[in-house]
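Visitor: Chain A is already provided as a structure; the job is to place chain B on it using the hints.
2 protein chains.
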Amino acid sequence: MAKRMQPAWEAPKNTSEMKLELFNSLTRKKEVFVPQKGKQVTWYNCGPTVYDASHMGHARTYLSFDILRRVLSDYFGYDVFFVMNITDIDDKIIKRARQNHLYKQYLAENHQLDKVLEDCNIVLQHFAEVVKATTDPDKKNMQERLFEKLKTAIANIEAAIKTGNEKEISAKKEALLVDGKDLLSDWLDTKLGSTVTENKIFSELPRYWEEEYHKDMEALNVQPADCLTRVSEYVPEIVDYIQKIITREFAYESNGSVYFDVSKFDSSPCHHYAKLVPEAFGDSKALAEGEGDLSAAPSEKRFDNDFALWKKSKPGEPSWPSPWGLGRPGWHIECSVMASAILGQSMDIHSGGYDLKFPHHDNELAQSEAFYDNDAWTRYFLHSGHLTIAGCKMSKSLKNFITIQEVLQKHTARQLRLAFLLHSWKDTLDYSDNTMELAKSYEKTVNEFFLTVKHFMRTTPGTGVEAFTKWSKDELEMNENLEKAKVAIHAALCDNIDTRTVLETIRELVSQSNVYIEKLRSTGAVNRQLIKNVAAYITKIFNVFGMISKEESVGFPSGGSGSADLETLVMPYLNSLADFRDNVRKSAREIKAGDILAECDKLRDDVLPNLGVRLEDKENEATVIKLVDRAELMKEREEKKALEEKKRLEKEAKKAEAAAKAAALEAQKKIPPGDLFKNETDKYSKFDDKGMPTHNAEGEEMPKAQLKKLQKIYQAQEKKYNDYMKSQTNEQ
Amino acid sequence: MAKRMQPAWEAPKNTSEMKLELFNSLTRKKEVFVPQKGKQVTWYNCGPTVYDASHMGHARTYLSFDILRRVLSDYFGYDVFFVMNITDIDDKIIKRARQNHLYKQYLAENHQLDKVLEDCNIVLQHFAEVVKATTDPDKKNMQERLFEKLKTAIANIEAAIKTGNEKEISAKKEALLVDGKDLLSDWLDTKLGSTVTENKIFSELPRYWEEEYHKDMEALNVQPADCLTRVSEYVPEIVDYIQKIITREFAYESNGSVYFDVSKFDSSPCHHYAKLVPEAFGDSKALAEGEGDLSAAPSEKRFDNDFALWKKSKPGEPSWPSPWGLGRPGWHIECSVMASAILGQSMDIHSGGYDLKFPHHDNELAQSEAFYDNDAWTRYFLHSGHLTIAGCKMSKSLKNFITIQEVLQKHTARQLRLAFLLHSWKDTLDYSDNTMELAKSYEKTVNEFFLTVKHFMRTTPGTGVEAFTKWSKDELEMNENLEKAKVAIHAALCDNIDTRTVLETIRELVSQSNVYIEKLRSTGAVNRQLIKNVAAYITKIFNVFGMISKEESVGFPSGGSGSADLETLVMPYLNSLADFRDNVRKSAREIKAGDILAECDKLRDDVLPNLGVRLEDKENEATVIKLVDRAELMKEREEKKALEEKKRLEKEAKKAEAAAKAAALEAQKKIPPGDLFKNETDKYSKFDDKGMPTHNAEGEEMPKAQLKKLQKIYQAQEKKYNDYMKSQTNEQ
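Line by line, the protein sequences give chains A and B.
The first sequence lines up with residues 50 to 781 when you count with our numbering.
The second sequence lines up with residues 50 to 781 when you count with our numbering.
Okay, chain A solo, but in the shape it has when bound (with noise of 0.2 Å):
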């Protein structure tokens, strides 16, 4: 019986599995993804330098490693660690706030107004050399609109001057102030910059637009990074650093500063410069702007290549200690020293704008390999293709610069991702109205069907026997089409994350599911746990690409089915407060305490109406609750608001009016009665010598009766005249 055994077992052959591939900048191709410890992913995305509001730019990178970042984790299920970084110290930063401060003081200053156009018109000289020596077209088309803003700016006060109208002066002062501001800053601070010398200065302008930088993010549903570093928290740990690539010889301190010795590096056997853009080498305009505005002379330098790790600082810029005297990080370090300080010698992807493949990442990887002495600090590089604006550069100098808010007023969160995930991330995208068109219908014809399969889910048991009925041939053929999808949409993703071939196998699976339900909808036979399949299996993919919009739950669910209203589940919290309240207050007026008293009035008064409850305290009685609706209540104190604001705008036009009729008066007195009807020429054509009219407009003698008439007014404005130049006699 040798047979009654179990038989051998051979393992299935999988017929199509399927590797993640991603585009890899460190080979300019697909690679097969592989994490170096199990499925833990290690990552660090360059974050902004802040300090200005976001535009499209931003939302281009952002947005799309948030979508790889889901993916990596929802999809592919890899453990992913994101951390990202803060630029908080910086030239631009630097320049920027030194420009606010000292503008913000020359219009506290209140100059005259010759003292302004003096300034103005230094300012215009000194820039048009400035227009002169620029090369840049793009830049120099910019300067010279600001340029001619200026000189407009002046022209115009010049002319109101000629005017003398006081009126139409001061507001002419104000545009040019408004106008210049951008020059008159800028030369306030070639000229003053170095005054600036308050460390508030230096930190308030990025902690601003880091702030404004969050609030885009979370409008955009771009996920928190799970660790997030400053650069101004990282000063030690830089210097540190810098002083290790310094002991490995591979930088040297000049003048204050510390420079990479990229020759030094470059000749190493194991190290390679440029790795992700070999062409670039050499590329000192590159080079210089990665340097940025507030550079030392390149002449301390080696040689040209080589760039900062520390920069001296000079007055008006901030500094910190180091062995090298008072200074600051250079651009590149930050973020090869804030990595390594949270992920170690070697991180799995870094990612990054595709301008900063040259020099910025590039540097980065030669200082983090110079510290480490290995060649792999990176596994992969992944950049994000550019942004066009209706298949223009963006830039401030062709008016198309759009901000993440401005977008964000005329397309949805979900509308812009959808525009993105219809192109490839790491290729150039278009954003024009058609590409937004395009994203709008998409949603359109993706919920519609979300609809209809709503429709079938309520309208049909979801359990029990009824939910379940035989599959026909309709059935399965409409299942395999869902199983087609998901094999289609796994290669997709692992095709270096091709979300638009997503969507595009989305909508055909959401087509042929039209199909399958318009079919069989009339004999009532839709069969609606597989409908059901293909709406969830959707969902789910729209979640992954974070499409839908949610706020991540933690733990257990409290009780309470969602469905039940407001005010039955609030009351009884609020009945408890109430009571609270009330014996806190009889007990605090006994015994008048006062502070506590007037707790109890700011929960009434403050807090309670700003959720939507109104505490109404009677004596003898407990407090009344009243939960309103929150939005009534903001309405009906708009309308207060504006009501009293009418009123008040309606008081000011009475005062107006009076006091035009006062001046009205008051011009009247001043007028001597001679030359009371001598304007009059439509009535009068002769005077005497006192001014009265002798002839009417005719050339007739002037009839006595009238002429009687124009006398009595005679003698009442020389009454009032006389009184009015009395009264400046004693005046004086």
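Warning: the hint list may mix true and false statements.
If several chains are the same, the list does not tell them apart, and a pair holds so long as it fits within one copy or across any two.
Mimicking DSSO-like on lysine-lysine, the simulated pairs with C-alpha atoms at most 27 Å apart in a straight line are [claimed, not checked]:
1. Lys589 - Lys88
2. Lys68 - Lys79
3. Lys589 - Lys519
4. Lys718 - Lys735
5. Lys88 - Lys68
6. Lys719 - Lys768
7. Lys79 - Lys62
8. Lys700 - Lys675
9. Lys88 - Lys519
None of these hints come from the bench; they were simulated from the model.
Guide: Showing chain B alone in chain A's frame:
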């Protein structure tokens, strides 16, 4: 310049990649799981035979495979297609349906006492023989109990007859019919079973119990199958399938039934009978049980080991047409046919309870492999372990037969699932008080942690600059703990889905997190982002395990608040309550206001616990609010109170409003028409002797149109006033 190209790149090595292994009954060891086609996993699970309430044995099977299905799909990312059958044609169903029907009929016939007593005595005699013939001790034990029960009932009624008390006799007669139900039904069935012919009787019973089964599964948060098949819907397919097996000469017809030729199959070189339990080959007892109570005589079969594919139906048994005459499918064939109809010739996973291994699953394998002429119809066969009750086998005779409904009255579905998760799915699980206590204690530990994290999430900013602080050594260590837990949990899930180790790892992670929080909370430096990440990860794993029941949402969320849970709704109000109390308490302490402090304590200790709210006072930190699960009763009571209060207030408000209106009307009447406009000096400056305005506030004469309007108002008031005066006079 050959070096100015990108250097060679080498893919990283993953030093700790792991693969999912599952315990495969076909080899009795863990095997690496390889699906046959990409990420798709086809799965057939043996469903229930629906003729009675689902018990804990069912829970063991369906809960276990629900957990495995969720882990494969939601953790490992497989596209699982889960098919399950409902056995609604079966000897047990036929007998139970007939017995129920005959018993009801007997009751409806309303027999005289003599007749009932006579019948019951016959039943007793008949059953004595049955007990005698039974050898299985467990079965005998149960039969003896039933015998005694009937015997006692008969004795009771005989005693009642002697008393002559009609009421007593009637009561005892009813008791006899209840206590004797099982034996009486069985006896009626042997006598009259063949007379039951109406088909509805055989379909209503399984339909009822299938409905109950779905309800039980929903209560246990077991996901419904993607495709559910019922035997009654697949009879033609079954006939075709059997026909093909006959054609392949692995089955033969005999006396209107069809049998599978085990010897023929087993002797084929590429086939092997009883792959799962080769030791059971020839176990005639097990085989006979598999054949069912209503089988034909074994003499019809060529060999003892052959089993029925098609059973000829005798009178009193439902039947369907076939080439072999009227009959019905055997038990094993249904699964082969339905799994094949939906999944084709080879599936990745087949699962079922441990007791189905032989003969059911071994016969399925034989049939299907004979049909397809392959030897890998099922690639991985999974069997869930037994369930014992407090150490004993579950059986009706031991009175430890527990239905799912009974369990859910004592414990929540989550607690039961936790108890299952704390044991290996393939080993025996002992359901006992101790088991459940361990599960509840585990739930409490983790929930306390969730509540703590939620407190921090509520009381610290979720986004913006403030939300991110620099990581110290503590955060790096805690994050390392989290990463290690993820690695350990992944390893445990790869190891045959070892949920027990997963839960132990989570317990350890919770304890590490609590240590971290306690260390830092006094300095206010607990890193919100980090502990939220920990809690979110644990929540994610609990979601994977099905521990958090939630509606599967489909499509884009429609508008705001619909799905908000209690916590989201209530917390703003509780926050304001806690803040208020904090401030009051601080002031009260300063001025030593004992009464108010007592009030603060009462709120925390008496009032809020009743509402399921726990306040935890902390020194130098805002009070911690925890929303804990409260008794349903408390909630109902409070809601009712709130509703009554609301109604009362509404009523009162209406009354007050009406009273105010009436008073205003009353006052209006009493104004003499001449006084009507006199007070409106902001509008009018002069009046005639009737009191009619003649000049407006500016001193100009009233326009005629306006005067006309005022006259109308005047006349109306005149009438009102005269009526009022008249009524006053009449009253006097």
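Visitor: Now look at each hint and say whether the structure bears it out.
Guide: Here is how each hint holds up against the structure:
no.	hint	result
1	Lys589 - Lys88	both (21 Å within a copy, 16 Å between copies)
2	Lys68 - Lys79	both (11 Å within a copy, 25 Å between copies)
3	Lys589 - Lys519	within (26 Å within a copy, 34 Å between copies)
4	Lys718 - Lys735	within (24 Å within a copy, 33 Å between copies)
5	Lys88 - Lys68	both (14 Å within a copy, 11 Å between copies)
6	Lys719 - Lys768	within (11 Å within a copy, 56 Å between copies)
7	Lys79 - Lys62	both (26 Å within a copy, 17 Å between copies)
8	Lys700 - Lys675	between (35 Å within a copy, 14 Å between copies)
9	Lys88 - Lys519	between (41 Å within a copy, 26 Å between copies)
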